[in-house]
Every structure is written in C-alpha cells, then in structure tokens.
Amino acid sequence: MSITRRLLGKAALGLAGAALLMQGTALAADKPAPFDKPGVKIALVRYLSTGDFFQAYLSGVEAQAKALGVDLRVLDSRQDAALQADMVDQAIALGVQGIIIQHGLTESMKDAAQRAVDAGIKVVAFDVNVENPKIPQIEQSDKDLARLALEQAVKDNGESWKAGYVYVAGIAPLDRRNETWVDVKKKYSGINEVAMFGTLDNPIANSVANQARSVLQAHPDINVMFAPYDEFAKGVKIAVDEAGLNKKIKIYSADISTSDIAAMREPDSAWAATAATNPAVVGQVSVRALAQLLAGEDPGHNVIVPPTLITQKELIDKDIKNMEDLSAKLPQFAHADVAMPAWMPNPNAK
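Just so we're aligned: 91 in the UniProt record's numbering is position 91 of the sequence shown, and the numbers increase by one with no gaps anywhere.
Don't take each hint at face value.
Claimed, not checked - With a straight-line cut-off of 30 Å between C-alpha atoms, the simulated DSS-like cross-links for lysine-lysine are:
{"id": "1", "residue 1": "Lys162", "residue 2": "Lys186"}
{"id": "2", "residue 1": "Lys134", "residue 2": "Lys41"}
{"id": "3", "residue 1": "Lys186", "residue 2": "Lys143"}
{"id": "4", "residue 1": "Lys187", "residue 2": "Lys134"}
{"id": "5", "residue 1": "Lys143", "residue 2": "Lys329"}
{"id": "6", "residue 1": "Lys186", "residue 2": "Lys134"}
{"id": "7", "residue 1": "Lys247", "residue 2": "Lys66"}
{"id": "8", "residue 1": "Lys66", "residue 2": "Lys41"}
{"id": "9", "residue 1": "Lys155", "residue 2": "Lys187"}
{"id": "10", "residue 1": "Lys329", "residue 2": "Lys155"}
{"id": "11", "residue 1": "Lys134", "residue 2": "Lys247"}
{"id": "12", "residue 1": "Lys313", "residue 2": "Lys155"}
{"id": "13", "residue 1": "Lys162", "residue 2": "Lys143"}
{"id": "14", "residue 1": "Lys313", "residue 2": "Lys143"}
{"id": "15", "residue 1": "Lys318", "residue 2": "Lys329"}
{"id": "16", "residue 1": "Lys162", "residue 2": "Lys248"}
{"id": "17", "residue 1": "Lys66", "residue 2": "Lys162"}
{"id": "18", "residue 1": "Lys185", "residue 2": "Lys162"}
{"id": "19", "residue 1": "Lys155", "residue 2": "Lys321"}
{"id": "20", "residue 1": "Lys247", "residue 2": "Lys318"}
{"id": "21", "residue 1": "Lys187", "residue 2": "Lys143"}
What the hints contain is simulated information worked out from the structure, not anything from laboratory work.
Build the full structure now, drawing on both the sequences and the hints.
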C-alpha cells in the first residue's frame, strides 16, 4: 500500500486529536474529586457584612469560588444570631457540600455547625469559635494583629500613656485581640486604660463615634485609642476630629480598606497605624480550606493568615492610596501561600 500525503495528513490529525484528548484528560485530572466535575455547591453564611473589610472578604470568597468553578450561595444574617443559625439549616436544605461560617456567636453557631457536620457537609469557620474539632478555624492571627499595632503604639508613645479601648466581648477575633491587650497592659504597667466602650450596632462607625464623644468629654487626658477593628477606628476618628484632638490623640487599629487608607493619609490624621491581613486573601483562604476538606485533604485545624503592620508614614512615603497600591507595593499583602496545594487555582495569577 502506498502512503499518500492525504493519508499522512489524516494520521497526523488523528495523532493530534489523541494528544489533545490525552492532554484534556490530564487537565481534568489536575483537580481532585469533586472538583474534576462541575456541580459543586458551597454556601457562605455571614454574621457581619457591614464595612469595607467584609465587602473585600466577600470578593475574595467569590474570586476563589469562581477559580474553582463552584456554585456559591451567600446567606447574610446581618448580625441576627438566630437567623444565622437558621441560615445554616437553609444551606443544608439547599444541598450544599460545604459551608463557610463567617463570624457569629459561639452559643448560636455551635449547634448549627454540628447539624451541618451531622448532615455530611464539610464546614470551616472564619472568626467564630464553633468549638468543633472537625471544623477548621480560619484566623487572621488576631493576637499578632493586636501585637503589631500595640508594639507600634509603644514605639510611638513610650511605655506610659492613658488609653481608651474599644471592645465588644463575645466576638471571637475581638476576644483574641483582647487577650493581647491584657498581656500588653501587664507588660507595661504605665499603660492605663481609663475607658472601655464599644458597640456593633449598625452603622458601627457612627454608633462608636457617639460613644467616643462621651468618653473624650469624660476623659480629656486620653492620648492613645486602641480600636482593634477598623469600623471602631473610623468611629473614634470621627469623635477625635470633631473634638479637635487629632494632634493630641493617636489611634491604633486592626484591618484595612481603601477608605481606611484615605483616612490615615489625611493631614494631621490621628490614625497612626493598623495591622491587617488582606480581607480578600482571607476570603480566598476560607474557600481553599473548605475545598481541601471536600477533596479529602487536611488544611489543619487552625488555618492562619499572617498579618502586616501598616503605618501612616509608610502609606505617605510609598504613596499608597488604595488597596491595589497596598498589594502592589507590599507584596506580602497581596497573597498568602496558605491552604494552597499544587492543584489549587490561584485567582490572583496573571
């Protein structure tokens, strides 16, 4: 039989097709089950959603879910603890395979999380302690967030100052940050907490501002405000600015957003420093840890995203005006190599 160019062309096409088929099979096998097929459903059940941090966190969840090709359902309780517990049951009824519980109260979420586990659903929890060894805890290393901010406060103000402190008990990240605050006060006996206040009533910043006005009137000798959540810091700054005390008081916080950066960069701003993780990255890590569970992998019980100290001076010196600048000029802020197995798609990859 003579071999013609036509036969050679057909053979080449056949080989190319086989190669493409093999390549496609290999690519499909890159992701483990159940992500090797479409149809995976997960839910994000939220307690807190007000403020830039939580919008950025949601964007990170959405970006990683899209990169994985999963169907994401977002259920927002708007700080209604009973509703959040009900929403876990709603997610179970929707037939999701995984649930991210974002913030909430231990007493209301502990049983709800257990119901999801009992239903065979994989669960991770971000900044809420559901007291369950089967549920990984996604954390921003809250103790380190507080430590970095307070170390800067001591560096700026010395070891002796009068402080106002914004705190609401019962919220896991705030409780962990409070542990560091307690330790720092023990270490530096000259730090005198003269007022503690705080609320999560919406809008949080305005509600805290109302409280801070009264605190500043009652304690005009305060020279440092520790507000370890950026909505708290915004509220304190409103009150400090209104009282004309922005050159007398320095504010130290946790978390960061574009609006926070603008507030810190204002001329003579009282907001001196914050310690933060990128909330979008924390959202991505939350989805990745859940995906590892679904794939039969162990992300670890405590999945910790390391924080970065961000000072007012650094923002001005490096001309950082928004979150995009922050990620570009502080690369450690842009991505956390956490819960990142080789098969996991990176939504930040160019």
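Checked against the structure, which of the hints given earlier come out wrong?
4, 6, 7, 11 and 17
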